[in-house]
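Position chain D relative to chain E; hints supplied.
Chains as they are written, first to last, in our numbering: chain E, 2 to 878; chain D, 314 to 423.
One-sided excerpt, in silico: chain E residues whose CB lies under 8 Å from chain D:
| # | residue |
| --- | --- |
| 1 | D5 |
| 2 | F29 |
| 3 | G33 |
| 4 | G57 |
| 5 | A69 |
Below, simulated DMTMM-like cross-link-like pairs (lysine to aspartate or glutamate); rule was C-alpha separation at most 25 Å, straight line:
| # | chain 1 | residue 1 | chain 2 | residue 2 |
| --- | --- | --- | --- | --- |
| 6 | D | K377 | E | E22 |
| 7 | D | K377 | E | E76 |
| 8 | E | K49 | D | E346 |
Since the hints were derived computationally from the structure, they do not count as laboratory data.
Small disclaimer: the values here were computed from a predicted structure and weren't measured.
Glycine residues also receive a C-beta, built at the ideal position from the N, C-alpha and C atoms.
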Amino acid sequence: MLSDLFFRLRSLFHRTVVEKELDEELRFHFEGQVEKHVQSGLTHEDAKRRARLEFGGLDQVKEECREARGVTFFETLFQDVRYGLRMLRKSPTFTAVAVLTLALGIGVNTAIFSVVDAVLLRPLPFRNASRLVDVTEYSPGKVDDTGVPYPDYLAWKQGATAFDETAAYFLIRASNDIVLGGPLSAERARYSTVSNSFFTILDVQPALGHGFSASDEIPGGAKVFLISDAVWHGAFGGDRHAVGRPYRLDGENYTLVGVMPAGFDFPKGCGVWIPVGTLGQFGLHDRISHPFHALGRLRLGVSLAQAEAEIEKIQKHLGEIYPNTDAGWQVRAQPLLDEITGNVRTSLFVLLGAVGFILLIACANVVNLMLARASAREREFAIRAALGAGRTRLLLQNLTETFLIVCISVVLAVALAKWGLALIVSLTSIHLPRMESFHLSIPVLTFLAAIAALTTTLVGLVPALQISPQAFQSGFSSGQRSGGIDPHGRQLRNVLVVCEVTLALVLLCGAGLMLRSFVQMNRVKPGFETEHLVSMKIALPGAAYPKAEQTSAFFDRLLERLQSLPGVKAAAATTALPFSGESDWGSFQIAGRATPDWAHVPAAEGRAISASYFQTLGIPLLRGREFSAEDLRNNNTLIINEAMAKKFFPGTNPIGQHLISIDERSNAREIVGVIGDVKSFGLAAESKPEMYTLYRGAWYMNFVLRTSQDPASVVSAAREQIAALDKEVPVYQAATMDQLLSNSIAPERFEMFLLALFAALALTLAAVGLYGVLSFTVSRRSREIGIRLALGAQRGQVFRLIAWQGMTLVIIGVALGLSASLVLTRLIESLLYGVCATDPLAFGGGALLLMSAGFVACYIPARRALRVDPMTALRCE
Amino acid sequence: MVTQRIDLPQGTLDLLILRTLALGRQHGWAISERVQQMSSDVVRIQQGSLYPALHRLERRGWIKAHWGTSENNRRAKYYELTRSGRQQLEVEKDAWKKLTTAVAQVLGSA
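Next up, chain E with everything else stripped away, as it sits in the complex (with noise of 0.2 Å):
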């Protein structure tokens, strides 16, 4: 084996000593049999003739060793190549088309795979990771409330045998924040509440200080946290002394004893961790919250659908123990990873497809321009398989020219996707997670090598199965050009074009419905009048403000600073902004109706304001009345907006009802006023009921200003008067409502523009095939074209006959794609906003720009068949 190995090598690289030797051994054997004729009686010349007609033919033998010894193969294969550079370089045009289309088609495959496996296929970067479960609870009645209350965690990490270890982490939905004062700023930063074991779990241990201590976790202990490597660096400057102090989170005092390692920041950007003792003997024995995820690490051999199981018959009995809070929750496991991905799996998906519709598309272009060149070199063909090449052979060599645009083409592709991916992300401003920029990892290369592998095949082989040696007889004695197309060829050509037109129909249709649905989403009204407003986050730091007074005094001058600006023409504060992502979910009880049970407890979103807010904002006030000095003395009235009153007060007046907040279980409001709705999460989302009340004792603030000129200046007379007021107090997250609101729907925007970005191309490339194929059609007809106008036919129906052959192409290809997308749309049925998924605006949209493109395609060549002088066509042979 390793002998025959060692033989093929050497015959390989040695060629021309090995056929030296071979030479000279065949001429020895010949001039052996030379002298046996002579000493046989021959002459020297008749002994000569003789051994020459014994001997045969001499390249015959020659090539017979050749194949003997095994390396033919590579032998052609080099030949091939070296034939395929030259004949690519003789036509470059075709090879620059063929090496563009391609390697945009490639290009867009392997920058979405990229994300693809940045995001999804990528394994998380902890220990075990495959295994890590998260669980939650759901109610199916309700979409919005998942989690798990703490108590409810503690049941399962006793009974459930299915996880070697489990830990509780509080999730954050939209972006719970809190607020840290670091000794150089203020800084909102994500938190998460966890058990201790979710540091074991995840296996990830402080990289300065040290963690939680098992104390920690029983209710009222120390008040601690931990902070990310991020938030080190930017409220605590690095500082290593940090670590060890009391710092003011939330309003309280907590020390810091250590800092996570860099890059650790789970769950969601999280930069705060503190220990579930903080929670209280209450929030540790709290039901009615589901605040909380279960993370679990299955035993090995144990499934996942095994783990849920197993939780769901904890949870159903504790539903039987327990009907008012817990009855009616159902468990749901998942991955980590989907859990961490869920949302962007589906859009990811959907581009995906796309892009794989792109370079089918892109592949058949390059078949329709191969098989044009192929017909033009029928006669190059016809002569080789006259002098002895077998159908393999051309095959072969047409492969390996193919295989030659395929390698240029991925050194092209690879350059596009990394370029290109840069330049959308940052034209759209996305942050997709665990998404850094293009990166070559093997599972991406080996995605490009199958992609490589497939094109070849697709684009190689498609044509080469038209080459047929009887073709080539006929080839090879017509001479004629005009009666060279082979029908099959032409079928081929046609349904090509049919596919592409499809798939570029079925783009088309995906990108309309897309847009349609931004569009539909841009015209929700927010509620509000978001033009020329500003906002600003300021922190008060603990240290300086110790009381509630202070702090509501400090806001009161400073609104009335920024109310007297000029430009300012009025000027709010409010702890939560619509369209940050701010929450603040609390329960209440409304006085006068039965307690209801701890399940069913009312809760809405909590804002504290100033009395200006809704004029500021332009916030519609639908019943009762705005908040007076009077309320800002007794502190003792609510406002609530209209999805509360409908929600919670339907058909009655909510005026003058009484609630108490869960917060100030003393204070019992009156509701004076009902607002109109403010899409605060999102114009895609419901509004969410809310209440509003005057600021006390709120440490944070962000302030409102409506302006009449140019923001920037604004914002930077309003820092100077809070410096006026305190050096001190820094100001941040400076923006305009504007921003806010195109920042809510980024990912939206993203999405449609990447499908109508990958729309387009497929469009300009179906075009740009229809275009090439009816070109070359008119070429081929030339003849028959002259022949047609020297009988007698009208310009005009010349016109309509090549316009028609194309235009029927496109009609087909249209209904087909009509047909796919309606089955195909209903993917991307998530993704849809306002607009069903067979919305005949959308389709309709598509299928008419596809016809008009195909039109222009098909208008050239046909123009220029009319150009054809019939006396020329004649005449030439």
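Frame of chain E; chain D shown alone:
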């Protein structure tokens, strides 16, 4: 003189070459002469089939080649059997015997 050419059954060429080389190392021409001689002029190996066969056998490792000087002081390529070649010779001789006995049996019986 027209000699009747009998075509060698497939695979016998390898056997003949191996057999010849069992007698000692020789170059290609000598092999062809020897076979002709030993078969009393019945079997004449054509050069067109001899050299491809030799290269094939060399590739399979049953014979090995080296360059040397011939009787008349010319450079020639000499072949000799390798150990596996010797084994292969035995195997093929065996197979040949079995085949010919079987064929003779079939022809012999009525």
